[in-house]
Amino acid sequence: MSARRSTTALFTAALATAALLLTGCVAGEGSNTDTGNADKAEAASVLNIDFATYNPLSLVIKDQGWLEDALAENNVTVNWVQSAGSNKANEALRAEAIDVGSTAGSAALLAKSNGSKIQTISIFSQPEWAAIVVPDGSAITSVADLKGKQIAATSGTDPYFFLLQALEEAGLSTSDVTIQNLQHADGWAALQNGSVDAWAGLDPIMANAEQEGAKLIYRNVDFNSYGFLNATEKFITERPEVAQTVVDAYEHAREWAAANPEKTAEILSDVAGIDLAVATTVITERSNLDVDPVPGDAQLSVLKVIGPIFVETGDVTSQDKIDKALDNLLNDSFAKKANASNIGG
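Under mature numbering (1 follows the signal peptide of the UniProt record, and there is no 0), the letters of the sequence shown match residues -27 to -1, 1 to 318, in that order.
Honestly, the hints are just simulated from the structure, not real lab data. It is possible that some hints are incorrect.
[As the list claims (entries may be wrong)] In the DSS-like style, the derived pairs of lysine-lysine whose C-alpha atoms are separated by at most 27 Å in a straight line are:
| hint | residue 1 | residue 2 |
| --- | --- | --- |
| 1 | Lys309 | Lys297 |
| 2 | Lys122 | Lys207 |
| 3 | Lys90 | Lys207 |
| 4 | Lys120 | Lys207 |
| 5 | Lys90 | Lys236 |
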């Protein structure tokens, strides 16, 4: 793990790239503003929850309609919102456009440290979802070869932090490269059209790129953080029974995915628009869904390594904010009570 320890020299130059994190607004921001009892009643009748191709369990739950069935008796409808990346999920959570959202652990910690009122209520995976990617025929064969190159990465997501750690391990700093802050799909497009030399990729887009000839020149599972299922503190406080139903549904989906890996891959293939063979690789080789859902020490050990990066880059103003976030980011109460049998289907 020593390779993950950052230095001020490495990450100071990352400030400019990461400064865009959490400053954007999602469409309809402010639309959930509390303007009266009628609006409160309407808001309480809807669960706004995300689905994401980097969170296969969310795709299974959406596909099977379990939440709709489980919440129907309480007259709660389900509104699914797609997250294109952890940064977008965090923006939506901050704006209260969604109640529950999927992010990498690193992104959840960064958002919490910067004042986002969220807590992690379950762990959905322990993935190897990030790597350094170059186009077919590239002369770049190692991270060291990235010196002086253009690299696409989505600021505030696991692939971005994967890149920073990979550079450090190779003896480079962000001042040795130029990082273009592009959303995951745009990063792959930029790699294809030659706008960048390398891309900090994310599955399943990365697995599809690999099938099309792109090369993964650097992989390291230790540089990937867990998949965090986060909820707004307001939602947890005001609607704990719905939050518990969501976590129960995730446990049901975990069991279902383990029993039905082929169908799970088919669902991912359909939603992501990728070949079934690629989706199968993502599900069977690079997504550990059989992970303890209870947020705890395993996640904290990873986040305590990543946290100081945010201070050194200026994304968080003090280690004290990191420490406070670590103290109350993880909420294990729902996952400890999770019961997959509460969900039918």
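Satisfaction of hint between Lys297 and Lys309, Cα-Cα up to 27 Å
holds, 23 Å
Take the C-alpha atoms of Lys90 and Lys207, compute the straight-line distance between them, and say whether it is at most 27 Å.
Cα-Cα ~8 Å, so holds.
CA of Lys90 to CA of Lys236, is that 27 Å or under?
Distance of about 35 Å is beyond 27 Å: violated.
Lys122 and Lys207: Cα distance at most 27 Å?
At roughly 44 Å apart (the allowed maximum being 27 Å), Lys207 and Lys122 break the hint.
Lys120 and Lys207 were given as a pair; does the straight-line alpha-carbon distance stay at or below 27 Å?
The hint is violated at about 45 Å.
The structure shown violates the earlier hints numbered 2, 4 and 5.
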